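These protein sequences, in sequence, are chains F and H. At position 159 of the first sequence (counting the first as 1) the number is 159 in this note's numbering, and the numbers step up by one without a gap. Here this note's numbering = 1-based position in the second sequence + 214.
It should be emphasised that the hints constitute simulated quantities derived from the structure, not laboratory data. A hint or two may mislead.
[As the list claims (entries may be wrong)] Not everything, but these chain H residues come out facing chain F in the computed CB check (under 8 Å):
no., residue
1, 228
2, 232
3, 233
Note that the structure is a prediction, hence the values are computed from the model and not measured. Virtual Cβ for every residue (Gly too), placed ideally from N, Cα, C.
Letter by letter, the chains look like this.
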Amino acid sequence: MTAGAAAEAHGHGHGDANLHPPPIHYSSRIAPTVVGIFLFIGSEIMLFGSFFTVYFFDRVVNNTHPWPTINPATGIPWERPWFVALVNTCILVTSSFTMHWATVSVKRGNRAGLQAGMVLTILLGLTFLLTQVVEYHRLGYNTSDSSFAATFFGLTGLHGCHVLIGLIILTVMCVRAFRGHFSPEHHHGIEVGGIYWHFVDVMWIVVYVTVYIL
Amino acid sequence: MKNPFRTEESAFRFLVLTIAYGALIVIGSKINTWIGLAVFVVETAVVGWWILTQGRRERPIQQAPAAHPAGERRILVIANETVGGAPLLNEIRRRSEGVNEHVLVVVPALNSPLKHWVSDEDGARDAAQERLDASLAAIRAAGITASGEVGDGDPLQAIEDAIRTFAPDELVISTHPKGKSNWLERGVVEGARERFALPVTHVVVDLSATQSPAN
Numbered sequence: 001m002t003a004g005a006a007a008e009a010h011g012h013g014h015g016d017a018n019l020h021p022p023p024i025h026y027s028s029r030i031a032p033t034v035v036g037i038f039l040f041i042g043s044e045i046m047l048f049g050s051f052f053t054v055y056f057f058d059r060v061v062n063n064t065h066p067w068p069t070i071n072p073a074t075g076i077p078w079e080r081p082w083f084v085a086l087v088n089t090c091i092l093v094t095s096s097f098t099m100h101w102a103t104v105s106v107k108r109g110n111r112a113g114l115q116a117g118m119v120l121t122i123l124l125g126l127t128f129l130l131t132q133v134v135e136y137h138r139l140g141y142n143t144s145d146s147s148f149a150a151t152f153f154g155l156t157g158l159h160g161c162h163v164l165i166g167l168i169i170l171t172v173m174c175v176r177a178f179r180g181h182f183s184p185e186h187h188h189g190i191e192v193g194g195i196y197w198h199f200v201d202v203m204w205i206v207v208y209v210t211v212y213i214l
Numbered sequence: 215m216k217n218p219f220r221t222e223e224s225a226f227r228f229l230v231l232t233i234a235y236g237a238l239i240v241i242g243s244k245i246n247t248w249i250g251l252a253v254f255v256v257e258t259a260v261v262g263w264w265i266l267t268q269g270r271r272e273r274p275i276q277q278a279p280a281a282h283p284a285g286e287r288r289i290l291v292i293a294n295e296t297v298g299g300a301p302l303l304n305e306i307r308r309r310s311e312g313v314n315e316h317v318l319v320v321v322p323a324l325n326s327p328l329k330h331w332v333s334d335e336d337g338a339r340d341a342a343q344e345r346l347d348a349s350l351a352a353i354r355a356a357g358i359t360a361s362g363e364v365g366d367g368d369p370l371q372a373i374e375d376a377i378r379t380f381a382p383d384e385l386v387i388s389t390h391p392k393g394k395s396n397w398l399e400r401g402v403v404e405g406a407r408e409r410f411a412l413p414v415t416h417v418v419v420d421l422s423a424t425q426s427p428a429n
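The following block holds chain H by itself, in its conformation from the complex:
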């Protein structure tokens, strides 16, 4: 929901709307108490509908990576299980050609909501570390030098953390195909494009079609 008091202008607009809201209720209640109540219910329903449908999303502040020394290209790869897939390896290899590349692979420590809220994330981090080790082995086997780290359970937060410390030039997000990918359902790719001021490449890896060493 947009904050109605974000700026003086929006606060003034909110005031005018509040006056109209209150005036209609008063006029209705002066005619008849039940009409006043009905006006209140209808107005409140309209406001509630507007908040739920129109005013829900608030654009986030776009994060931009800090500068890093010239002459190198930093590629941040976010993947969960799909990093060993051939399409992603080919994409990383293609983008690394002819440049002094630095590749950082971040594997989010995905966790259940309950475990997240009770801060029980040891298991999730261990599992993510195993996936990261297998992924790095697959990438290195493809001739690409890379490092990696386990990230936050929220993929967008993991990207943001890595942007702060790694200062990448571009971001590669690897997901399962549509229909199999939880990240696509949650709009992770769109969210990353909205939140981060750097080129975002989305690579779809169908592990059932491409058997890879990481799996």
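Here chain F stands alone, though its shape is the one from the complex:
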């Protein structure tokens, strides 16, 4: 048994260990990307949660009846275009499938599949957004007409903003995909964009069920 120097044993100067930068240390024991996506989802849940709180406060706590409220001009409740929204839901859900196809394609080295998946996802997202804008114009009421209208436009509009941001992200990803920036080993941009797009889809399911159906 040989004696070790106690001072050195603390490892503050480890000879050749200092010749290169030390490996990254994650003191929180959670990878930064996971922490980032947790924080993002947390902030989004709070944002949508505040809008849903207003919605349910008006509908349940205020006991607004009937729901949707009555249009004073016609004497019948404001319209909730549930069927058009259902078609739009199918379009958005399909866009998630094409997004997933793009991600699977890049992992398999299928560049054509990646590009086709990205283009289709963007087209479907654009269709969703344009359909929503057209529907807004057709409805015949606005945010100032009733509390129902305010919460309706608030929730669907907030989601629409997320779709718009998602489309911008997807467009950037698509340009990069056509420039050959992604490979089976390096496709973090596609992965993160896909996560965001699926998140937007999940939020739409919640918004659709709450605002249009229940």
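For this one, chain F is given, so just place chain H on it according to the hints.
Only chain H this time, still in chain F's reference frame:
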């Protein structure tokens, strides 16, 4: 709980499940409002049960010590009260034979949850320092050269901190026997094996059976 948006694949799976979740509620509510409510309650209960039972644990990132100069063996010893016990001293002595050993003893500054949250840790650190001094005296009396330090109140965090600065080759965790050890109840040994990419030796020291100078 596992993050459902950790990867694109898991996010897509979560989306499909959300569609199924929402669709069943809508179908139920179209039949009858109360059926829709019942479906919602049942589905939510199932999801809650799954999160609590199946999806709770998330595997941590495994920490590996940095490289250190060849020709020496670094042994990190984590113990609270048991470091002066004969079984642990014998284990350290056995592992130090024939090598240029560096032994670092870390004694976590165990604290009550309330004091931890209000950052009142002076008393805990003083008590840990006293235990460390007694432990080092016992180890040195056994002919082993060692240094020591007071660590974080969480034993796994204390190990992680020491791994970062000491770069050990192996880890020795000393605990009381099963039934007397709080660390065993908390799964410290299993947690260390899961979190740290280095050999972990668990030494059980029954102080009631082996009277040692540290106690």
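Verification of the supplied hints:
With a cut of 8 Å, the hint placing residue 228 of chain H at the interface with chain F holds, because the nearest CB-to-CB distance is about 6 Å. Below 8 Å, beta-carbon pairs count as interface contacts, and residue 232 of chain H has one with chain F at about 5 Å; its hint therefore holds. Proximity of residue 233 of chain H to chain F holds as hinted, the smallest CB-CB distance being about 6 Å (cut-off 8 Å).
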